[in-house]
Amino acid sequence: MKRRILGGTGISVSEFALGTMMFGALGNPDHDDSVRIIHRALDAGINFVDTADAYSDGESEEILGKALEGRRDDVVLATKAHLPMGPDANHRGNSRRWLVREIENSLRRLGTDHIDLYQVHRPDPTTDIDETLGTLTDLVRAGKVRAVGTSTFPAEQIVEAQWVAERRGHVRFRSEQPPYSILSRGVEAAVLPTAQRYGMGVLTWGPLAAGWLSGRYSATTDVMAAGGRASTERHKFDPSVPGNARKLEAVRDLAKLADEAGLPLPHLAVGFVLAHPAVTSVIIGPRKMEHLESLLTGADVALGAEVLDRIDEIVPPGTDLNTADSYYAPPALADSSLRRR
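Residues in the sequence shown are numbered consecutively from 1, following the working numbering.
Derived from the structure by calculation, the hints contain no laboratory data. Be a bit skeptical, because a hint or two may be false.
[What the hints assert, rightly or not] Here are the simulated lysine-lysine pairs, BS3-like style, with alpha carbons at most 27 Å apart: (1) 2 <-> 236; (2) 144 <-> 236; (3) 288 <-> 236; (4) 256 <-> 236; (5) 66 <-> 288.
Just so we're clear, the structure is a prediction, and the values are computed from it rather than from any experiment.
Kindly produce the complete structure, drawing on both the sequences and the hints.
Below is the structure:
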């Protein structure tokens with residue numbers, strides 16, 4: 001497994017990062033099986049593991065803590081905070097009150113005394129970024145965190161955070177974790193160039209576009225009858241939705257391209273993400289051992305210029321075929337009270 005340096009931190013991480021969102025009630029409830037999958041990933045050379053407090057309400061962190069017993073020192077461990085961890089409005093967000101409390105909960109669940117990369121899971125418009133960065137700086141100085149990053153931040157908020165860190169003497173965000181796939185290329189316009197400008201590492205998620213690029217759907221497939229996520233998240237797959245129809249058309253063209261290139265479609269999808277010069281590591285999130293094994297066989301895939309050019313013809317650079325796939329709606333658009341008297 002090849003490695004790259006994470007955002008100038010000096011930390012060497014594998015090009016594949018193991019995502020653990022699917023371990024626990026949200027995906028695979030079998031703890032022993034999940035631990036086996038984690039161990040297989042580590043044995044294959046993956047040293048970068050990403051989780052979050054909110055994944056199955058902390059269960060994912062607990063499973064990962066079990067799996068890392070005796071192996072913690074060889075793993076670059078990343079987790080996140082921000083998403084709701086209960087009905088109370090103060091059990092979420094990026095405030096000092098919440099982050100100071102939740103880092104302790106994550107450390108306990110993970111069975112460790114420090115986090116290598118602590119990430120803010122989403123922007124928080126109710127909390128001054130100066131307060132968030134000040135809190136994270138204190139956590140670094142206390143030895144509980146080694147480096148800090150963001151997840152799914154728009155470019156302008158990445159820039160603001162970098163300037164606030166410089167002016168206020170805080171630690172700065174060293175990484176960004178955006179959604180990025182062939183079908184969701186919007187981050188190429190500003191997020192990825194901004195990360196490069198500030199020397200940030202990029203840890204991408206969703207390379208298979210929630211299963212669209214898993215190879216499950218072909219030219220003759222009835223998407224809504226194919227099972228998988230299409231059976232549980234119908235609104236994200238229903239071809240009657242214009243954005244989904246555009247994705248289905250692109251997937252069929254990409255499947256033909258993958259066949260011509262002699263690659264499984266998932267390998268084409270992951271290889272595309274790793275080809276971008278801004279990307280440090282791509283998160284793969286298997287639910288079953290066979291999912292992991294299939295992706296591991298594509299670890300050495302490197303796409304040539306001709307294949308990448310063909311992908312650009314199918315999905316133009318900087319394009320999100322379905323705008324809902326950005327996974328972050330600015331408050332000014334989502335909250336009508338901010339644009340109406």
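With the threshold set at 27 Å, check whether the alpha-carbon distance from residue 256 to residue 236 stays at or below it.
Holds, at roughly 23 Å.
Run the distance test for residue 288 versus residue 236: straight-line Cα separation, threshold 27 Å.
The given pair, whose Cα atoms are some 22 Å apart, holds under the 27 Å limit.
Take a quick look at whether residue 2 and residue 236 sit within 27 Å of each other, Cα to Cα.
Between residue 2 and residue 236 the Cα gap is close to 33 Å, so the pair fails against 27 Å, i.e. violated.
Keeping to a limit of 27 Å between CA atoms, is the pair of residue 66 and residue 288 held or broken?
18 Å, holds
Hinted pair, alpha-carbon criterion (27 Å max): residue 144, residue 236. Please report holds or violated.
38 Å, violated
Of the numbered hints listed earlier, those contradicted by the structure are 1 and 2.
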